[in-house]
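Undergrad: My request is simple: use the sequences and hints to build the entire structure.
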Amino acid sequence: MRRSIIFIAAVALLALAAAALPAQSLLDNEYYQKAQALKAQSDAAFAAGDYDTATALAEEAKAELTKSDAYVEDMLGRYRANGWLQQAAERLAEAKGAGANEYAKDLYDEAAADIDLAWSSYNGERYLDSIDFAKRALATLDTIPGKPQVAVVEPVVEPVVEPVTMPTESLTLPATYTVQLRQPLRDCLWRIAGFPFVYNNPWQWKALWEANRDILIDPDNPDLIEVGQVLSIPSIAGEWREGDYDPAMSYPTFSK
Amino acid sequence: MRKALPIVLAMTAFLLAVSCASTPPEPPVPLPEAELAQAKQLKEKADLYQLGPLAQAEYTAAEADLKAGEAAYGEDNAVAKASLDKAIAGYQAVISKGGALYLGTIGDRSATAKKSADDLKASVAVKDDYTKALAVYDRALAAKTAGDLAAATKDFEEARTLFEAVAKVAAEKRDKALAAGAEVDQALEDSAAKAAEAQAALEAEGLGGEGE
Chain A
65 MRRSIIFIAA VALLALAAAA LPAQSLLDNE YYQKAQALKA QSDAAFAAGD YDTATALAEE
125 AKAELTKSDA YVEDMLGRYR ANGWLQQAAE RLAEAKGAGA NEYAKDLYDE AAADIDLAWS
185 SYNGERYLDS IDFAKRALAT LDTIPGKPQV AVVEPVVEPV VEPVTMPTES LTLPATYTVQ
245 LRQPLRDCLW RIAGFPFVYN NPWQWKALWE ANRDILIDPD NPDLIEVGQV LSIPSIAGEW
305 REGDYDPAMS YPTFSK
Chain B
76 MRKALPIVLA MTAFLLAVSC ASTPPEPPVP LPEAELAQAK QLKEKADLYQ LGPLAQAEYT
136 AAEADLKAGE AAYGEDNAVA KASLDKAIAG YQAVISKGGA LYLGTIGDRS ATAKKSADDL
196 KASVAVKDDY TKALAVYDRA LAAKTAGDLA AATKDFEEAR TLFEAVAKVA AEKRDKALAA
256 GAEVDQALED SAAKAAEAQA ALEAEGLGGE GE
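As given, the protein sequences belong to chains A and B, one line each in that order.
If you want the working numbering, it's the position in the first sequence, counting the first as 1, plus 64.
If you want the working numbering, it's the position in the second sequence, counting the first as 1, plus 75.
Everything labelled a hint here was simulated from the structure, so no lab data went into it.
Glycine is no exception: its CB is placed at the ideal position from the N, C-alpha and C atoms.
Don't take each hint at face value.
Below, a list of computed lysine-lysine pairs in the DSSO-like style, where the Cα atoms sit at most 27 Å apart [claimed, not checked]: (1) B:K202 / B:K243; (2) A:K199 / B:K269; (3) A:K98 / B:K269.
According to the in silico footprint, chain B covers these stretches of chain A (three or more CB under 8 Å from chain B) [to be verified]: (4) 115–128; (5) 133–144.
If you want a taste of the chain A side facing chain B, the calculated C-beta under 7 Å gives, among others [as the list claims (entries may be wrong)]: (6) L90; (7) L91; (8) K103; (9) S106; (10) F110.
TA: Next comes the structure, spelled out in structure tokens:
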């Protein structure tokens, strides 16, 4: 039962994760944008005759492009691993629905174990490994035969549909936070930055301030935030963030 | 009477002879040593900067006067002095006229070197060395205005050398920056192509991507 819940949760989580994949071009990443900005600065320095600066900025731009390439490669692996994992988890759920966890328990458990490994690799950002485990799970699931026919006609029993449980644990940190009315300690950038899923360090409040100046009532006053405002939580250490903070979910603790 | 006439004539001749013999002799003209030294010094200066071709008539005349002065030197010092005075004036004219043309020429060479450095924006690219070259150049212009042929020549030549060195360094830096910029342009294209390829692959596989 517990494993069923975990798998259903995993499928739901993967579906959510797939839906949350950034609706943006892979090229639209911070490294590529920074490289473009550095190139523009390099061109300006060149035009002014400051060739040393122009060269240095161009070298910086190239370094950012290397990061951009790595990012694109990483995202490609991530999306692919996500896709294979989702497919494997769905197939496992189907197998379970067909009773394979009973009549082909060994194969089912083997596939489930591989999906666990795939999931673990995915979380560890070892996407190629994750894909391999997910593919192996699918291959195992392919070998599970159809449910054996029995001579005695049993009364048709409606399959018990497991209630879909929303995932209780998120593997990624949230990218946004909606200001809430908390008592007795009201939300403020200091406290929000101190939340474990934000920066786990209130001293990082300035990162929130800088990222959200344009939506503050007074951009120069970080103390004025309103209930309902959706604050961006920028990545400050290269951590992956996505989605809005959900109080019903538990999140990993941010650490640099 | 006829006897007395030869005596009178003889007396007269004697008196004339005595009278002539007592006229004081004219003092000898001294050797024009200073004039000769000055003329040679001026000639040396004109030759050092090769000013003869720049004031040919004056130079030819001065040369002839110097030769005449040297030829008469010690024999007819008055003639020698007069020739040497003319030679001095001639060489001074050569230096005055030819010197201006000469400084104009080497000044132009320095100015050309400066322009090359300016075109390469060396005042920014190689700021310190350019500033030094400019200071020497300005000093040369001041010396030229003052008519100081030696100082102006030295400073113009030094400024030209400095500007050429500065321009060379600026050109190297410029080329390096150009190459680095071109590499970035290529890298931007390459990265964009890689991202587009990855994007297309994801879309083909039905995974994420733009517009999802």
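Undergrad: Honestly, which of those hints from before does the structure not fit?
TA: none
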